[in-house]
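Dock chain P against chain G, hints included.
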Amino acid sequence: MAASCAVALSLSLTACGGSSPSAGSGGNSFTVLVYGDAGNKVERQIVDEFNKTSSVKAKLSTIPGADYQQKLQTIIGTSQAPDVFFNWGGGSIQPFVKAGLLMPLDDMIQKNPKLKSSFLPSVFNTAEIGGKAYGIPMRGTQPVLLFNNKSVLKQAGITSSPATWNDLLTDVGKLKAKGVTPIALGGGDQWPTLMWFEYLYDRIAGPGLFQKALAGDKSQWSSPDSRKALSMLQQLKAAGAFGSNFDSVKFTDNGSTKLLATGKAGFELMGSWEYSTAQSIDPTFAKSGLGYAAFPTVPGGKGDTANLVGNTNNFYSVLKSTKHADAIAKFLTLMYSDEFVKAQLSIGNLPTTTNTPQFLSQADDPAYDQYQYGLVKQAPAFQLSWDQAYPPNDITPIHTAVGQFLDGQIDANGFISAMQNLSTAG
Amino acid sequence: MAATLTGEPGRGGAVAPGDGSHGKGGKRSARQRRFGPSRRDVGDRASRPGFLWAVPGALFFTVFAVVPLGLVAVLSFYSWGGLGSPQWAGTANWTKLLHDPVMLRSLWLSVLLTLLGVVVQTPLSLLLGVWAAGPQRNRAVLSAIYFVPLLLSATAISVLWRALLDPNFGIPSQLTWLFGNGNLFGHQNTAIGVLVWVAAWQYTPFHTLIYQGAARAVPEVLYQAAEIDGAGRVRKFFHITIPQLRNAMVTSVILMVVGGLTTFDTVLILTQGGPGTDTTITAYYMYQQAFKSFDFGTGAAIALLLVVVSTIISLIVVRASGYDKMRSVNEGL
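These protein sequence lines map, in sequence, to chains G and P.
Position 401 of the first sequence, counting from 1, maps to 401 under this note's numbering, and the rest follow consecutively.
Position 248 of the second sequence, counting from 1, maps to 248 under this note's numbering, and the rest follow consecutively.
With the rest of the complex left out, here is chain G (with noise of 0.2 Å):
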């Protein structure tokens, strides 16, 4: 292994020591990268689309797989750039920014509005950086919600989803006398336990302090509102919500949604994909016994009821260097078109433009993308995750410290500290 990372290291050095950055595809086309999964199915089409009337002439290429952002880092300074790449916003693109390599979408925005104003705002701003916008929304939205199984829920006589933090406390305990784990919890991957510390801090101290951290204000991860989400986050833990084993499950094999689906838990926070998981491992499940609510409110906290935490939208970029940004611009008006939104939601995406709700009825689970809709829409603030609002080297440092932290490893001072040493955006 020590070898061949040494040569995949070399090997990528000198490919990309004498190259200057410019954008790759001459001649009268662009190249749109995107993610390699089954959301390519409508790039193609839009792709298509796009170069039945434009002369110049869109290219999509993907990367599979989990690789993309290495292999997107690797290339994107070197002549093999893409013009147009998806990416998740926020700290994803931060490095590209800094590095002074992405176009500010703000000329194409002032010539066309509907580039911005056809989308939902609370997931438009996620790919804002120093003010200027650097991406458009281009697939679905993923609201983290409380999901639960409305069987057990029923079983152990809850009767609505938890509406305050003390109901989720109470829920808890009713869950494990019955014997089963309160809450389903993939520790095993560490970010599904970091989407507990999203909504936690963002019920206490609303959205401003976590923004204010990730600007460089490292003072924020050591206020009394920052401790008093670790000591609930401890408290619901010492409550035996996520039983005793929640480090060895994970949520990447399956593992703690067939808990929520088998009947062995009541709860798990997890992104809207909790849907679609359910339904590979029991269609039945997801279609009957599947509930959803939004995250409990915290008594006193300062974060609005209504806020979210998630993937607020995947977006494309554009390279600064491409010779091609007017047919660019026309490309991406494609993404608030009826067709796309339409496409996006044959396939189980939830897009976030405004003409959306029109379409609703022909997804798959009308009621079901309403209600993520709605949420979305009303959001004063959706926070993108963490770990992508970061700079991607602060990724593992975050996921280590959540993890170390829920399972007694850590205690506050020590998570605060962890968190302080992340470099910021600032």
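Because the hints were derived from the structure by calculation, they are not lab data.
Bear in mind that the values here come from a model prediction, so they are computed numbers and not experimental data.
Keep in mind that the hints are not guaranteed to be accurate.
Cβ-Cβ distance ranges computed for the label pairs, FRET-style [to be verified]:
id : chain 1 : residue 1 : chain 2 : residue 2 : range
1  : P       : G57       : G       : D37       : 40 to 50 Å
2  : G       : R227      : P       : L112      : 27 to 37 Å
3  : G       : G208      : P       : S314      : 46 to 56 Å
4  : P       : L112      : G       : G157      : 17 to 27 Å
5  : P       : A65       : G       : D48       : 32 to 42 Å
6  : G       : A38       : P       : W108      : 37 to 47 Å
7  : P       : S314      : G       : R227      : 48 to 58 Å
8  : P       : F64       : G       : A293      : 52 to 62 Å
9  : G       : S361      : P       : I171      : 40 to 50 Å
10 : P       : H99       : G       : R227      : 19 to 29 Å
11 : G       : S361      : P       : F147      : 54 to 64 Å
Glycine included, each C-beta is placed from N, C-alpha and C at the ideal position.
Using the frame of chain G, we list chain P on its own:
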């Protein structure tokens, strides 16, 4: 030549390549007078490969090992996030690592995992190998079955064991008296235990094969002589088999050490370095720094440290075992 002429026993195999070019005749006659002709002597008489034979190998080694290693060494003094050109960083990466508790602990964890691997796998594969060296057909069949785990990729094996050890749906949920709450991946000791177990499951067959081959090469006459002297099974095993397997053991242990220090895939899939950083071994830490945190300079420094530590440990093993001298090529030693 003096040593050879006086005929120091057991030195016969240690002729350095250079020795073959001159004084052959005298040596051969001296040896023949004392020991009579042996297979070894025939080998000595044949023309020895010249330096040219090493050129292709040396060339490959230079291109694919030495040059990249040099580049990695250079990169460890740069700061590079994968974008644009690397920036000179002086010794910043190195000083950062020296004060990084995770780094130091990762080296210890790598060594610990390696040690545990050797301690667990050596006795197992030794016993299995000697047993499988027997002539019966059932042993041949079983040996073939034991070999199967090695044919699977480490990734597949890790995914398999991750599923088998799932606390709620795997083996632990059935054997609660043994596994308790099944939180194997949530504690350092049990997480390391799983890693050692999975590595042993995968690699013991390979080392068994080494021992099996070596055990088959032990001359039958030794056992016959021992039997005449009244030695039992156990005595024969400890006084003939084990000494005869000495070189095989050194080979096997060195392979385990090299493999253990560079373990990566099982950690990536089974524990992801967790809980916390409790199973973050050096190779995984290098991957994390370079390919997850996009800090290739630090990754390069860790890679280089791993090379240095592995080399030192390999040298120690080679020295301590006398592998560098390669004695005991004659029967009965």
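Structure-based check of all given hints:
1. Range check, P:G57 to G:D37: about 43 Å between beta-carbon atoms, so the 40 to 50 Å window is met.
2. Hint check: G:R227 to P:L112, Cβ distance near 36 Å, so the stated range 27 to 37 Å holds.
3. The beta-carbon spacing between G:G208 and P:S314, approximately 55 Å, falls within the hinted interval of 46 to 56 Å.
4. For the pair P:L112 and G:G157, the beta carbons lie near 49 Å from each other, so the given range of 17 to 27 Å is not met.
5. Between P:A65 and G:D48 the beta carbons are some 47 Å apart, a value that contradicts the proposed interval 32 to 42 Å.
6. Against the hinted window of 37 to 47 Å, the Cβ-Cβ separation of G:A38 and P:W108 comes to about 43 Å, which satisfies the hint.
7. Restraint check, P:S314 to G:R227: a C-beta distance of roughly 49 Å satisfies the suggested window 48 to 58 Å.
8. Range check, P:F64 to G:A293: Cβ separation about 57 Å, and the 52 to 62 Å hint holds.
9. The beta-carbon spacing between G:S361 and P:I171, approximately 47 Å, falls within the hinted interval of 40 to 50 Å.
10. The hinted range of 19 to 29 Å is satisfied by P:H99 and G:R227, whose Cβ atoms lie roughly 28 Å apart.
11. Distance hint check: the CB atoms of G:S361 and P:F147 are about 58 Å apart, consistent with the given range 54 to 64 Å.
Checked against the numbered hints given earlier, the structure breaks hints 4 and 5 and satisfies all the rest.
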